[in-house]
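Engineer: Residues in the sequence shown are numbered consecutively from 1, following the UniProt record's numbering.
No lab work stands behind these hints, which were simulated from the structure alone. Small disclaimer: the values here were computed from a predicted structure and weren't measured. Some clues are possibly wrong.
Claimed, not checked - Pairwise CB distance ranges, derived in the manner of DEER restraints: (1) G362 / A419: 21 to 31 Å; (2) E28 / G347: 19 to 29 Å; (3) E307 / Q155: 29 to 39 Å.
Said to hold, decoys possible - Quick list of in silico lysine to any residue cross-link-like pairs, SDA-like style, CA-CA up to 20 Å: (4) K414 / R429; (5) K23 / K163; (6) K163 / E111; (7) K357 / A400; (8) K398 / K372; (9) K372 / P382; (10) K398 / L383; (11) K45 / Y104; (12) K372 / A387; (13) K163 / W265; (14) K372 / T332; (15) K163 / K45; (16) K389 / P415; (17) K372 / R188; (18) K372 / D203; (19) K163 / I145; (20) K414 / A384; (21) K357 / H25; (22) K163 / L57; (23) K398 / G327; (24) K372 / W265; (25) K414 / G322; (26) K42 / G66; (27) K163 / S267; (28) K372 / T189; (29) K45 / E58.
From the three backbone atoms N, C-alpha and C, an ideal C-beta is built for every residue, glycine too.
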Amino acid sequence: MPTPSQSSQAIPSPQVLAAAWEKAHSKELPVPPLVRHGDVEKHLKALREKAPDLFQLEVVGHSVEGRALYHLSLGTGARHVLLWSQMHGDEPTATTALLDFFEYVRTHRQEPWVARMLGALTLHAVPLLNPDGAERFQRRNAQGIDINRDALALQTPEARALKGLRDRLQPFIGFNLHNQGWRHAVGRTGRPASISVLAAAFDEKRSDNPGRLLAKKVCAVIRDTVEALAPGQVGRYDDSFETRAFGDNMTRWGTPSVLIETGAWTSLPPDEPLVRLNFVALATALDALATGRAEQADIARYESIPENNSSGLVHLLLNDVGLFGAGGRPFTADVGIAVTREVRRQGGQLVLDHVGKVEELGDLRTLGAIEKVEGAGLFAVPLAGRAVKQGDTLQLEKPAQVELGQPAELMLLKPLEPAGTFRVERIIRFDG
């Protein structure tokens, strides 16, 4: 196994890799939530056609609805690495990142660090494990089963394909690539957990063995890489043992698994920066495995990552804003607005929407937020029609109440004279 001192050239810095991603990223692919099986299939076949001596492509199974499950492999090394993405159909970021990484390898294969990686490792990837779920932008497959809870029962063809591939390859490490909800924060810092990592446990005691220790060290490498681009935005995923899950069972079967969960970013839309982070994280982690640098990583850098706070973040936080309660009685509170995304069809085309909802009301001083608005002296009320715009003056005798769960289509109003007169200071709406 090569050591860091034997490497002929270090991998480029995270910043240089991030810039290189811009050229490797396919402009033909839609944003990740709109990528479908046909897009991935076309991209993989194009890679194979452009570099048949580099890429091998096979079908390892079919989804419930008959879509091919593709396995792409490259490299000649004796140590095999398995990467799988989008076993949940609505968790698409890493699928695009993998395709971009393979394109980068194709066009940079003569670079010393890339050639070294290809000589030390053989990479195997299933970029889209749940194409039926992706078609619907839903977590589960067409049977309604969560593939990531089917590692033992193996009632889904997708799970059987992944298990069969692992058993055939016997990879020495695996990368389990997911997305997590946008409310995940890094501990109590109020920062978004843009990337969370986990060395998956293999028993209830969360024991360590050489494989899991290696996975922790790879996570440490990823932490340091991502924090060079997104300081304070790396969290540690809950390592409770889940007896049905693939990551935990992969580790138990002898393929220690590194979980990467992609979360929220500091602005909307988040896709490009998050795909870029995944690209850089995967490139650096694979180089660290190829050179032996991963084995030298400080495991304390993993253990000290703040744990995810699964409800510690909202997108927009209105602080100390006036609200109208039952009977129109005013009071002061904080309003927390969370944002998710939905895919719908419009005129035969797929459309991606941002959907905001009021998810928190009250004293929210412990929550982090992508954006905070100081609302002292303002009132928040539901939006009074799409024609209303900032700067309008409204007469509201009985202002409506802001309620939990309602769409985040709101107005921030400044009271004027006479009573019941307000000026629209801001329109809050998330769509498109």
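Engineer: The structure should be examined with respect to each hint, and the outcome stated for every one.
Structural biologist: Tested hints:
1. G362 / A419: 21 to 31 Å: With a Cβ separation near 27 Å, G362 and A419 satisfy 21 to 31 Å, so the hint holds.
2. E28 / G347: 19 to 29 Å: holds, 21 Å
3. E307 / Q155: 29 to 39 Å: Holds - the Cβ-Cβ distance for E307 and Q155, about 32 Å, lies within 29 to 39 Å.
4. K414 / R429: holds, 18 Å
5. K23 / K163: violated, 34 Å
6. K163 / E111: Violated, because 34 Å separates the two Cα atoms, which is more than 20 Å.
7. K357 / A400: holds, 16 Å
8. K398 / K372: violated, 27 Å
9. K372 / P382: holds, 19 Å
10. K398 / L383: holds, 14 Å
11. K45 / Y104: Holds, because 16 Å separates the two Cα atoms, which is no more than 20 Å.
12. K372 / A387: Measuring from Cα to Cα gives roughly 25 Å; hence the hint is violated.
13. K163 / W265: violated, 33 Å
14. K372 / T332: Since the Cα atoms of K372 and T332 sit roughly 16 Å apart, the hinted pair holds (cutoff 20 Å).
15. K163 / K45: violated, 24 Å
16. K389 / P415: holds, 16 Å
17. K372 / R188: holds, 16 Å
18. K372 / D203: Violated - the C-alpha atoms of D203 and K372 are around 41 Å apart, more than 20 Å.
19. K163 / I145: Measuring from Cα to Cα gives roughly 16 Å; hence the hint holds.
20. K414 / A384: Given that 20 Å is the threshold and the Cα spacing comes to 15 Å, the pair holds.
21. K357 / H25: violated, 32 Å
22. K163 / L57: The given pair, whose Cα atoms are some 18 Å apart, holds under the 20 Å limit.
23. K398 / G327: Given pair K398, G327 holds - Cα atoms ~9 Å apart, limit 20 Å.
24. K372 / W265: holds, 15 Å
25. K414 / G322: holds, 10 Å
26. K42 / G66: Distance ~16 Å between K42 and G66 Cα, so the pair holds.
27. K163 / S267: Given pair K163, S267 is violated - Cα atoms ~37 Å apart, limit 20 Å.
28. K372 / T189: holds, 14 Å
29. K45 / E58: holds, 10 Å
Violated hints, listed in ascending order, are 5, 6, 8, 12, 13, 15, 18, 21, 27; each of the other numbered hints is respected by the structure.
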